[in-house]
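These protein sequences, in sequence, are chains A and B. Counting with the UniProt record's numbering, you get residues 1 to 371 for the letters of the first sequence. Counting with the UniProt record's numbering, you get residues 1 to 371 for the letters of the second sequence.
Honestly, the hints are just simulated from the structure, not real lab data. One thing to keep in mind: the hints can contain errors.
Straight-line alpha carbon distances no greater than 30 angstroms define the calculated DSS-like cross-link-like pairs of lysine-lysine that follow [as the list claims (entries may be wrong)]:
id, chain 1, residue 1, chain 2, residue 2
1, B, K325, A, K317
2, A, K160, B, K325
3, B, K199, A, K317
4, B, K325, A, K293
5, A, K325, B, K306
This structure is a prediction, so every number in the text was calculated from the model and none was measured.
Number of protein chains: 2
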Amino acid sequence: MASPIYLGVIGVGGVGTAFLNQLARLPNAPQLVLLARSSQTLLSPSPAYKPSIPAGDWKTASETPSLTKSGALSVDEIASYLSSAPGRAILVDNTSDPALASSYPVFLRKGISVVTPNKKGFSSDLSLWKDIFGAAAEGKALVYHESTVGAGLPVISSLKDLVATGDQITRIEGVFSGTLSFLFNTFAPVSGGAGASAKWSEVVAQAKELGYTEPDPRDDLNGMDVARKLTILARIAGLDVQGPDSFPIESLIPNELASLPSTSDGITQFMTRLPEFDGQMSVIKDGAEKQGKVVRYVGSVDTAKKEVRVGLQYFDKDSAIAGLKGSDNIISFYTERYGPNPLIVQGAGAGGDVTAMGVTADLLKVLERLS
Amino acid sequence: MASPIYLGVIGVGGVGTAFLNQLARLPNAPQLVLLARSSQTLLSPSPAYKPSIPAGDWKTASETPSLTKSGALSVDEIASYLSSAPGRAILVDNTSDPALASSYPVFLRKGISVVTPNKKGFSSDLSLWKDIFGAAAEGKALVYHESTVGAGLPVISSLKDLVATGDQITRIEGVFSGTLSFLFNTFAPVSGGAGASAKWSEVVAQAKELGYTEPDPRDDLNGMDVARKLTILARIAGLDVQGPDSFPIESLIPNELASLPSTSDGITQFMTRLPEFDGQMSVIKDGAEKQGKVVRYVGSVDTAKKEVRVGLQYFDKDSAIAGLKGSDNIISFYTERYGPNPLIVQGAGAGGDVTAMGVTADLLKVLERLS
Chain A
1 MASPIYLGVI
11 GVGGVGTAFL
21 NQLARLPNAP
31 QLVLLARSSQ
41 TLLSPSPAYK
51 PSIPAGDWKT
61 ASETPSLTKS
71 GALSVDEIAS
81 YLSSAPGRAI
91 LVDNTSDPAL
101 ASSYPVFLRK
111 GISVVTPNKK
121 GFSSDLSLWK
131 DIFGAAAEGK
141 ALVYHESTVG
151 AGLPVISSLK
161 DLVATGDQIT
171 RIEGVFSGTL
181 SFLFNTFAPV
191 SGGAGASAKW
201 SEVVAQAKEL
211 GYTEPDPRDD
221 LNGMDVARKL
231 TILARIAGLD
241 VQGPDSFPIE
251 SLIPNELASL
261 PSTSDGITQF
271 MTRLPEFDGQ
281 MSVIKDGAEK
291 QGKVVRYVGS
301 VDTAKKEVRV
311 GLQYFDKDSA
321 IAGLKGSDNI
331 ISFYTERYGP
341 NPLIVQGAGA
351 GGDVTAMGVT
361 ADLLKVLERL
371 S
Chain B
1 MASPIYLGVI
11 GVGGVGTAFL
21 NQLARLPNAP
31 QLVLLARSSQ
41 TLLSPSPAYK
51 PSIPAGDWKT
61 ASETPSLTKS
71 GALSVDEIAS
81 YLSSAPGRAI
91 LVDNTSDPAL
101 ASSYPVFLRK
111 GISVVTPNKK
121 GFSSDLSLWK
131 DIFGAAAEGK
141 ALVYHESTVG
151 AGLPVISSLK
161 DLVATGDQIT
171 RIEGVFSGTL
181 SFLFNTFAPV
191 SGGAGASAKW
201 SEVVAQAKEL
211 GYTEPDPRDD
221 LNGMDVARKL
231 TILARIAGLD
241 VQGPDSFPIE
251 SLIPNELASL
261 PSTSDGITQF
271 MTRLPEFDGQ
281 MSVIKDGAEK
291 QGKVVRYVGS
301 VDTAKKEVRV
311 GLQYFDKDSA
321 IAGLKGSDNI
331 ISFYTERYGP
341 NPLIVQGAGA
351 GGDVTAMGVT
361 ADLLKVLERL
371 S
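Turn these sequences into a full structure, and let the hints guide you.
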């Protein structure tokens with residue numbers, strides 16, 4: 001029998017809850033001994049590290065006296081608790097917290113593996129990226145982060161396989177945001193359907209109502225989320241990208257509205273004034289149409305030119321990017337071995353269940369390697 | 001330091017040679033101690049199991065006196081040699097030999113992991129499939145076979161991740177043969193280009209000249225290769241498929257030509273008489289055209305109906321399958337979590353380099369798990 005493996009999970013939002021539900025149904029799941037949310041932490045009592053927390057039923061379990069309740073713990077406290085467990089430990093970070101992400105090296109140096117959909121650790125300063133992988137090597141711990149790009153789609157794993165087996169990546173290109181995918185598939189569909197005449201501001205308002213955008217749509221429209229994903233892919237492909245602000249990002253937020261506060265009132269003002277700029281977006285759309293093309297918001301990495309770009313681009317109507325449906329992502333890897341026709345991965349790139357699926361699949365891989 | 005891992009490789013054809021070249025360039029590659037081709041075997045002398053065979057330079061190395069030369073070894077001899085190595089061993093089968101595939105359980109029970117692009121072991125009788133995975137569990141050995149479907153494309157790994165994390169596969173559909181992809185993309189292109197007026201027999205002859213078909217094109221046209229791939233995917237998705245002949249396969253070989261011998265003369269006769277049947281294929285193509293569709297040769301698995309099918313089907317011209325280019329494969333996974341828009345993987349599904357890439361990536365995963 002392999003020795004038991006101990007699991008600490010942080011975050012019980014959409015992805016966190018979906019992950020806990022998947023965890024609860026795994027055969028031979030690792031023992032959940034720490035579950036932290038904003039201000040509360042649930043722990044299996046040390047030094048026995050049992051009973052473990054029932055993943056699918058933690059809300060009820062948090063009332064039981066057999067588990068330890070605590071307020072928010074510091075990074076050092078969590079790392080020390082997990083590394084003292086009588087077996088290997090894994091931290092699953094289901095938050096999008098940059099502070100927690102910047103402390104991955106603390107966990108890794110103590111031999112605690114990290115599994116996470118949190119982009120922040122891998123897309124901030126290059127020094128943090130290097131520190132994370134250096135610490136993992138030092139602590140003989142593992143880092144898996146499939147869901148940082150394209151949710152559960154096999155994006156990170158495919159790129160890593162290509163690189164590890166000696167292929168040469170020439171170009172990566174795709175639609176990396178479910179929100180921006182939906183906005184442009186609706187605003188500028190290939191076959192001018194009902195949506196073809198919709199104004200940009202109307203499409204943004206619709207997406208916001210459907211819950212497809214962040215509470216403040218400018219958090220999607222500024223392109224930062226896409227830039228973070230490109231930063232991660234470019235680094236895996238071998239480029240030393242300093243950070244997500246070290247290359248051109250075309251923001252879709254009109255300059256005049258960029259300084260509105262991100263308060264509820266500011267968001268309302270933004271949505272109210274957005275129609276003033278519909279003309280600008282129509283010009284772009286019509287420009288594509290005149291060339292028989294459609295406009296899409298894409299990211300790309302060119303490894304030879306060492307160039308990362310995020311912004312609007314025109315595509316042939318029969319291209320895979322133009323034909324994307326709903327809020328799907330598409331990622332094309334052009335490599336020496338694959339030649340002119342890229343390796344393409346496509347599908348839902350956002351949503352609690354599919355993001356959690358990437359986290360759970362990563363967890364299973366870490367378990368296989370630690371067992 | 002992890003203990004060294006010992007590698008035996010069988011087969012030096014197109015995939016085998018490409019694999020050895022990739023192996024030679026790996027940092028921290030395992031030690032190649034056995035290299036077998038049809039009638040010759042090259043071995044590191046036992047009991048030291050060194051020097052190892054230089055993977056990139058084995059032809060020259062086979063002349064050196066420091067290595068042991070032998071004729072063809074039996075399965076038991078190879079298994080015994082590898083299992084006596086002073087560390088864990090891995091067998092890479094780069095052949096398409098059904099006899100070798102049927103002996104995987106012998107290797108696995110002795111603790112020798114298996115990595116292979118050889119479909120035969122996983123697509124023959126269900127009893128062999130069960131025996132392989134039972135033996136792997138018994139011997140605590142690993143089995144990886146990504147390149148059995150779609151070459152290096154992340155098909156098997158993606159499907160296994162979906163299943164392992166608890167998603168429900170509802171349907172798998174796609175174009176699984178590079179040859180049949182090329183034939184239909186050329187015979188019935190979406191936009192009636194130059195190829196649109198080509199006759200079926202002309203397209204088959206062209207593919208044969210380009211080396212896209214097997215030496216006997218009937219080995220592609222009979223659909224068996226596709227049926228074997230579907231058998232593998234259906235089994236991973238949870239269906240107990242008895243074998244590749246236990247479900248309907250639509251053969252593209254006219255009945256009248258099926259009994260021609262597979263000799264060189266028989267192949268010539270087949271190619272000479274194929275034009276007699278161009279009319280039949282034109283009727284099918286025109287039938288699709290009348291519905292505004294195109295015809296493609298696809299395989300599908302319906303898990304609810306427990307149905308596997310391989311054959312011709314009509315597709316909307318704006319569908320991803322219809323838009324496929326060259327000899328690319330496309331595989332769509334419809335699942336409960338992914339909803340109406342499937343997870344799609346697309347790209348070259350044949351060729352030495354990309355097939356070998358899947359084998360090398362699998363080998364790296366086995367190494368990670370054994371280290």
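Hint check:
Taking the CA atoms of B/K325 and A/K317, the gap is about 15 angstroms. The hint holds against a cut of 30 angstroms. Among the hinted pairs, A/K160 with B/K325 is consistent with the structure: their alpha-carbon atoms are about 25 angstroms apart, no more than 30 angstroms. In summary, the hint linking B/K199 to A/K317 is supported, as the alpha carbons are separated by about 28 angstroms, within the 30 angstroms threshold. Using a Cα cut-off of 30 angstroms, the hinted pair B/K325 and A/K293 holds, with the two alpha carbons roughly 19 angstroms apart.
About 28 angstroms separates the Cα atoms of A/K325 and B/K306, which keeps this hinted pair within 30 angstroms; it holds.
Against the hints set out earlier in the document, no violation occurs for any number.
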